[in-house]
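As you go down the protein sequences, you meet chains V and X in turn.
Mapping to my numbering: the first sequence position 17 is 17, numbers consecutive.
Mapping to my numbering: the second sequence position 270 is 1270, numbers consecutive.
Read the hints as simulated data drawn from the structure, not as lab findings.
Worth double-checking, as some hints may not be accurate.
What the hints assert, rightly or not - Within a straight-line C-alpha distance of at most 25 angstroms, the following computed BS3-like cross-link-like pairs (lysine-lysine) qualify:
id : chain 1 : residue 1 : chain 2 : residue 2
1  : X       : Lys1056   : X       : Lys1152
2  : X       : Lys1309   : V       : Lys12
3  : X       : Lys1312   : V       : Lys44
4  : V       : Lys72     : V       : Lys18
5  : X       : Lys1312   : X       : Lys1176
6  : V       : Lys12     : V       : Lys26
7  : X       : Lys1214   : V       : Lys72
8  : X       : Lys1179   : X       : Lys1005
9  : X       : Lys1176   : X       : Lys1082
10 : V       : Lys44     : X       : Lys1179
11 : X       : Lys1033   : X       : Lys1056
12 : X       : Lys1214   : X       : Lys1056
13 : X       : Lys1036   : X       : Lys1056
14 : X       : Lys1309   : X       : Lys1176
15 : X       : Lys1312   : V       : Lys72
16 : X       : Lys1056   : X       : Lys1282
17 : X       : Lys1214   : V       : Lys58
18 : V       : Lys18     : X       : Lys1214
19 : X       : Lys1056   : V       : Lys12
20 : X       : Lys1005   : V       : Lys35
21 : V       : Lys18     : X       : Lys1219
22 : V       : Lys44     : X       : Lys1082
23 : V       : Lys12     : X       : Lys1214
24 : V       : Lys26     : V       : Lys77
25 : X       : Lys1214   : X       : Lys1005
26 : V       : Lys44     : X       : Lys1005
Said to hold, decoys possible - FRET-style restraints, in silico, Cβ to Cβ:
id : chain 1 : residue 1 : chain 2 : residue 2 : range
27 : X       : Lys1087   : V       : Lys18     : 33 to 43 angstroms
28 : V       : Thr15     : X       : Pro1055   : 47 to 57 angstroms
29 : V       : Lys58     : X       : Thr1251   : 53 to 63 angstroms
To be verified - In silico contact screen, one side only, chain V against chain X (beta carbon under 7 angstroms); selected entries:
id : residue
30 : Cys10
31 : Val24
32 : Ile39
33 : Met43
34 : Ser49
35 : Thr50
Quick caveat, the model's predicted, so the values are computed rather than measured.
Ideal Cβ placement from N, Cα and C applies to all residues, glycine included.
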Amino acid sequence: MEIKILGPGCTKCNTLEKLTREVVEKNGIVATITKVDDIMEIMKYGVMSTPAIVIDEKVVLKGRVPSADELKQLLTK
Amino acid sequence: MKSSKWLLPIILLGLWILIYFNLQLVSNWLIDKIFKLPQGKHLTEALRFFIFEVPKVLLLLVLIIFVVGIIRSFFTAERTRKALEGKSLFTGNVMASMLGIVTPFCSCSAIPLFLGFVESGIPLGVTFSFLIAAPMINEVAVILLFGLFGWKVTAIYIGTGLVIAITAGWVIGRLKLEKHVESWVYEIKAGHAEGEEEKIGFGDRIEAGYAAVKEIVGKVWIYIIIGIGVGAAAHGYVPESFMANLMGKSTWYSVPLSVLIGVPLYSNAAGIIPIVSVLIEKGVPLGTALAFMMAVIGLSLPEMIILRKVLKMRLLLTFAGVVTVGIIIVGYIFNTIY
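Excised from the complex, chain V in its bound form:
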């Protein structure tokens, strides 16, 4: 699985990246996590509110930091 965290470097975006890494590690999910902070790259996903999570090139969440439980559900779906 390929996870991308979209965000130009605000606090919330960093929180989300950290949280994602934690959830992935805790649940033994096999995934690569990349942080995308290039705005051009972010816009390619049509995202207007950051942070956002992209899983296998599909935007699954945007504009907020989810709870660990919600994130786990998104990642194990």
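Chain V is already provided as a structure; the job is to place chain X on it using the hints.
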């Protein structure tokens, strides 16, 4: 399952009402009966003010942020953009300003939002109306104004904030400054494979309310306690009319001066409003104080630096200039009325 989602908020609301309407009683009881402080002394009255105001403002904050969190779950940047597409200049400015109040926004997503708007053909002026209203009329500012000054000042603040956002956006639209947007902005090919909208049920909206309380109240409570503490200290000690000579009505330059001081200052609404309340109490006229507050929270240096990535200097300065002039005019109007 569903009834439990309803039940908790209703119980909490009952508790809230019980506490809120007995605060005055409890704080007086604490001061007079438990601590047995002498009435009328400066320290006593400062403490009384503090013990009453802190829980009052925090309670208001929790309740309203919860409601705002629920309301905001109905508005997303994508829906707002859709609503604004193809709107004519003036109608677009009015709608963008109002949507700016309710759409979730933080200055860190100002750029993606700006790009998303421009890319889908929303006029520059309309986009700016949104960018002006969104930070200036925010829920924390509104709650604190309501808690400390009552509904009249709050209504004035929202009303004039809207007028500034609408006219400033309209003026920028009329100036035809499109060529002063950085050229790479127009080359962006934004994807529209947004996927389906997240499906949100009632339970999720309640959750959104809790999340908003946790996030916003968790961030600003400390500023509120400090702010009210400063207010309480000044309440009894700093002589009234201390500021009147410096910033009073008779000094014509008080409005532009306070705005010029306010623009580079950066603070959230929670930190600035208690200070504004002290200013007003010590003889600074309402218009001057409101103008100062608008300048601090509506225009900020960090946001300007972020926006510089997409706007050329001339457009950025025009934006700052138009908003500054708007705030100054509002300040003068209020000082004349009150």
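Of the numbered hints stated previously, which ones are contradicted by the structure, given in increasing order? 8, 15, 17, 19, 20, 26, 28, 31
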